[in-house]
Amino acid sequence: MAKTEFEKSILSRPVYGEFEPMTGKAHLFIADSEGAGAILDLAKSAPKGFFDIAHIIYIPKDSDWKYVPSLEALGAKQLYVGPSFEAAITRIQRVLLDASNGLQIYLSGTEGLMGRAMLEATNIGYPYSAIQTEHRGSKARRMQCVHCKGVTEGVTTDPFECSHCGLNLFVRDHYSRRLAAFQGVCVDAEDPGNVPDKVEIT
Amino acid sequence: MNIQFNDETFRGDYTFKNSDLAIKRFPFPFDKDSYMYAVNMEPHTPVREGSVYYNSFDVDEHYVSEMRDRAMVLDEDPLRCQSLSHMELHGWDLLELIMVEKAKDYPDLFELHRDGDNWHWINKPLGIEDKFTFMDATTLPYGPMEYITRQTQGDFCVLDQRDDNLWMDAGMVTTQADWSLDFDIGMNFFEWHAPVPLAHEKGIFVRALKFLLNIQQGAPARRLNWTMTVNPLLDTSPENYHKWGIQKTSLTPENIGNKQHLRVELQTFFRLPRSNGLVFPIRCYLIKLEELVTYPKWARRFHRVIRDLPEELATYKGFIDNRPMILEYLSQFDDGAETSPGVWPEE
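Chains as they are written, first to last, in this note's numbering: chain A, 1 to 202; chain B, 1 to 347.
No wet-lab data here; the hints were simulated from the structure.
Some clues are possibly wrong.
Cross-link-like lysine-lysine pairs, in silico, DSS-like; alpha carbons within 25 Å at most [what the hints assert, rightly or not]:
{"no.": "1", "chain 1": "A", "residue 1": "Lys8", "chain 2": "B", "residue 2": "Lys317"}
{"no.": "2", "chain 1": "B", "residue 1": "Lys243", "chain 2": "A", "residue 2": "Lys198"}
{"no.": "3", "chain 1": "A", "residue 1": "Lys149", "chain 2": "B", "residue 2": "Lys243"}
{"no.": "4", "chain 1": "A", "residue 1": "Lys77", "chain 2": "A", "residue 2": "Lys149"}
{"no.": "5", "chain 1": "B", "residue 1": "Lys297", "chain 2": "B", "residue 2": "Lys24"}
{"no.": "6", "chain 1": "B", "residue 1": "Lys297", "chain 2": "A", "residue 2": "Lys149"}
{"no.": "7", "chain 1": "B", "residue 1": "Lys202", "chain 2": "A", "residue 2": "Lys8"}
{"no.": "8", "chain 1": "B", "residue 1": "Lys202", "chain 2": "B", "residue 2": "Lys17"}
{"no.": "9", "chain 1": "A", "residue 1": "Lys3", "chain 2": "A", "residue 2": "Lys139"}
Please construct the entire structure, taking both the sequences and the accompanying hints into account.
Here's what the structure looks like:
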């Protein structure tokens, strides 16, 4: 599966690129699901010894373990395979604490994973513009309800029901890096109960 | 200057209204019979004594009631006032700017006495008197930005300037035209304006940013923006949209003159001396259609502006569904006569 193409959108909506191997003292990869594909594609053009200084943190999610043997074959200095981002978060924070000049960060997979990992990196002062990202797999979004402030993970339809307050929310493209979330706004405020049919987010 | 402060509400029974004087000095934003986005910046220098453009921070008859409404919003939702950790210095800059300017422009309402860092602030309309140490936040009941903006009409975006951009890293936002500080805090100039239609394509924000980055200390700028609001609701926040959105459907031909308001933002921009940040006050003025049409020039012009506004803008400004009824109301005041150039009410 190749990198995802998105329609042109508003300027707060993140845009994702395609990994390029950078020179650095260390490489940190954080990926979920199909995001493994971005790492494997990068490996094809990476110089010899690139993964000797790499740390891969991978959350397989719905891809099961199908990419794990290939990732193991890269021979990264460290490879962690974990069940969820929440489970991996303290490890990520610990690794970032050690980050020194010359660390290169690569995030791939779903927007929710990339957004949350980027937030961890920027929280310790890493500039977001220096982080490489590549979108792969599901277009599910991490959405914040502007009304109750609760975040709903893995939203795939527009509108959707807030998992916290239950309001029917429409999916905006307006995105906050600080919250690592898109904004959801009540869809039937002016005509209560008139909720449009759900459509798949594209 | 002798201001009679109204006792009025911006919620519930909505007793807000404008006196004849407040109508006359309303910042009508249209200098011709049509509207399209423009950077439309001008120096924030005094124009016409008594107008809203005369003082750095305009204080009017709604002051006391607006501050009471702000306190209620903050009690319900403290996230409407936020300041990222590197923004305290900007807050002191802002506190100084407002206190100095208000004490100078309204000496009978506000007093500032300074002895080195020992400051003594008196706000007579709100009955506030505090002695504090400048730059020591522990000597104030709130952080400096929150303290002074609880006493100043208008929303305040406090911007950090770095990397050739402006970052909305602090603010007091309780009278907003449907945008969320809590969501937008930390964004740069292009990101927080991202949802605005048409203006990006016209290069408006690129030019506006260039202008704002170069604003110098002591040379503030201003511009106007506008939208429409049903009922004199200051707090048209996205946070509460699921509660107030339904009010947009309450217009009838009988109540529209009283319920439909033109909402104008007087946006000003001041360089902050210590932090080199920028403060961007957004002062909201509301006027009922029945108040606005008391000036024939404004009535004619407003009818033409609303009639000819591109659909995207009427949608973005949130009144596309009510536009036909608004036009029907306004059309009775438009006899087709020519209007004179400029924003002032008289012909």
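Hint check:
The straight-line distance between the Cα atoms of A/Lys8 and B/Lys317 is roughly 23 Å, inside the 25 Å bound, and the hint therefore holds. Restraint check for B/Lys243 and A/Lys198: the C-alpha separation of about 23 Å stays at or below 25 Å, so the hint holds. The hinted pair formed by A/Lys149 and B/Lys243 meets the criterion: a straight-line CA distance of about 15 Å does not exceed 25 Å. Restraint check for A/Lys77 and A/Lys149: not satisfied, since their Cα atoms lie roughly 39 Å apart, outside the 25 Å limit.
As the CA atoms of B/Lys297 and B/Lys24 are separated by approximately 12 Å, the hinted pair is consistent with the 25 Å bound. Between the alpha carbons of B/Lys297 and A/Lys149 the distance comes to roughly 45 Å, so the proposed pair goes past 25 Å and is violated. For a cut-off of 25 Å, the pair hint linking B/Lys202 to A/Lys8 stands: about 17 Å separates their Cα positions. Simply put, B/Lys202 and B/Lys17 have alpha-carbon atoms about 37 Å apart, too far for the 25 Å limit, and the pair is violated.
In summary, the hint linking A/Lys3 to A/Lys139 is supported, as the alpha carbons are separated by about 11 Å, within the 25 Å threshold.
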